[in-house]
Amino acid sequence: MISLKKEEWFSNIRTDVLAGLVVGLALIPESIAFSAIAGVDPQVGLYASFCIAVTIAFFGGRTAMISAATGAMALLMITLVKEHGLQYLLAATVLTGIIQVVAGYFKVAKLMRFVSQSVVYGFVNALAILIFVAQLPELMQMDLWGYVFVGLGLAVVYLFPYLPKIGKAVPSPLICIIVLSLLALFLGADMRTVSDLGQFPDTLPVFLIPEIPLNFETLAIIFPYSITLATVGLLETMMTTTIVNEVTETEGDRHQECRGQGYANIVSGFMGGMAGCAMIGQSIINVSSGARTRLSTLVAGVFLLCLVVFFKDWLAYIPMAALVAIMIMVAFTTFNWDSVRNFSKHPKQSNIVMLTVVAIVLATHNLALGVFVGVLLSALFLVNKLESEVKVQSERVQDTRRYQITGQIFFSSSDKFFQFFDFKENLQQVKIDLTHAHIWDLTSVNMLNTVVQKFEARGIQVELIGLNEASDTLIDKLSPN
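Everything in the sequence shown is counted per this note's numbering, starting at 107 for the first residue and increasing by one.
Hints in this document: simulated from the structure, not taken from any laboratory. It is possible that some hints are incorrect.
Only pairs whose alpha carbons sit at most 25 Å apart, straight line, appear in this in silico DSS-like list of lysine-lysine [unchecked claim]:
hint: 1; residue 1: K522; residue 2: K497
hint: 2; residue 1: K583; residue 2: K537
hint: 3; residue 1: K213; residue 2: K111
hint: 4; residue 1: K454; residue 2: K491
hint: 5; residue 1: K497; residue 2: K454
hint: 6; residue 1: K537; residue 2: K522
hint: 7; residue 1: K537; residue 2: K497
Whole structure, please, built from the sequences with the hints as guidance.
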């Protein structure tokens with residue numbers, strides 16, 4: 107649903123416009139670099155960033171968040187573009203948007219609750235490594251001058267922010283591009299430039315329908331890519347939403363954001379752009395600059411396109427070494443270094459989950475598969491932990507045995523629960539104290555009923571004590587009449 111609320115657009119005009127201009131500048135090098143990763147012309151990434159930013163400004167559920175072409179999405183497109191071409195990528199982008207809109211209406215964002223911090227660490231670390239690895243082919247083509255320029259670009263990117271006053275006012279990736287471009291022209295250095303990647307746009311994007319056969323064979327080709335793109339896009343978007351919520355101390359509508367991302371990708375696909383999602387780095391730049399409304403996102407997208415259309419001849423001279431330096435910075439910034447520094451302090455299970463996600467993603471280049479396995483592994487570790495924490499203490503007073511159960515009784519721990527009891531002991535009464543336990547499901551209810559029946563079959567009276575209200579209600583509901 108389109109949002110036109112005045113407070114979401116015009117409550118912070120000056121700061122939002124300035125923040126949007128800064129972000130718009132910063133989007134240019136990354137959009138071009140992500141196009142290079144995906145193997146498409148620069149205009150595909152630039153059109154995508156414009157379309158997605160403008161669309162999400164109206165339809166998104168989280169104000170001041172920046173969405174555009176991203177590295178996570180670009181990495182998933184490489185094979186599709188290489189094997190089937192741009193038109194299939196545009197069709198996959200439209201289908202990605204449709205899937206995300208459906209996911210938004212079904213409130214799939216609630217599933218983010220099942221993504222543990224360890225899985226998130228694995229996701230961002232694998233993404234960072236893949237972005238870095240994607241620069242290796244370009245690095246392999248460079249001569250000594252190229253390596254010198256990359257090193258100089260990294261120095262500018264990391265040192266410029268420390269300059270007084272101006273260091274925080276202008277994004278260092280933009281300065282990196284300006285400095286290296288001017289230096290390359292001054293020295294007459296013969297090196298690859300952005301113009302070698304393909305065509306730059308010289309007009310506004312226009313509506314087009316992907317030129318592909320509309321049949322099930324086409325659907326079979328693009329659907330697996332679209333599902334993966336939609337999943338990874340929503341994962342990164344939801345993580346970015348959480349970060350922006352924390353920084354601004356406000357809440358966004360996650361379900362509307364899912365739908366908004368879908369609408370944005372549909373528009374992008376029909377306008378000649380590739381799929382994108384929320385950008386963690388650019389969103390942080392935006393809100394850290396004081397942006398709080400949708401206006402900042404709209405300004406970023408519009409300013410980006412204005413720069414590209416009117417200054418495209420200048421952009422063509424940008425050395426590839428500058429983009430490689432910027433993407434190496436993006437990779438190092440994306441990587442969660444705390445997960446390495448605190449590795450020995452984190453639980454072993456958490457480290458295993460993180461490393462598994464990284465290993466699967468690097469082996470398959472499938473971020474969605476890595477997250478899925480990570481969530482499954484986290485669940486298995488949690489179940490194992492809960493099962494191991496089920497304990498029992500028992501004591502006999504004359505002809506009465508009292509069992510005191512502690513822990514969570516559910517499908518996995520119910521067998522262990524059953525083994526606590528000695529049905530052959532000569533008793534008159536058994537008391538099962540569940541004060542410090544909780545009954546969770548049908549399996550545990552049936553197991554408890556089996557225990558009671560086995561004792562009663564031997565003429566032993568059974569008394570259940572300490573049941574909390576939820577467990578008691580569940581037993582009444584699920585026990586046979």
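Comparing the hints with the structure gives:
{"no.": "1", "hint": "K522 / K497", "in the structure": "holds, 9 Å"}
{"no.": "2", "hint": "K583 / K537", "in the structure": "holds, 22 Å"}
{"no.": "3", "hint": "K213 / K111", "in the structure": "holds, 23 Å"}
{"no.": "4", "hint": "K454 / K491", "in the structure": "holds, 12 Å"}
{"no.": "5", "hint": "K497 / K454", "in the structure": "holds, 23 Å"}
{"no.": "6", "hint": "K537 / K522", "in the structure": "holds, 18 Å"}
{"no.": "7", "hint": "K537 / K497", "in the structure": "holds, 16 Å"}
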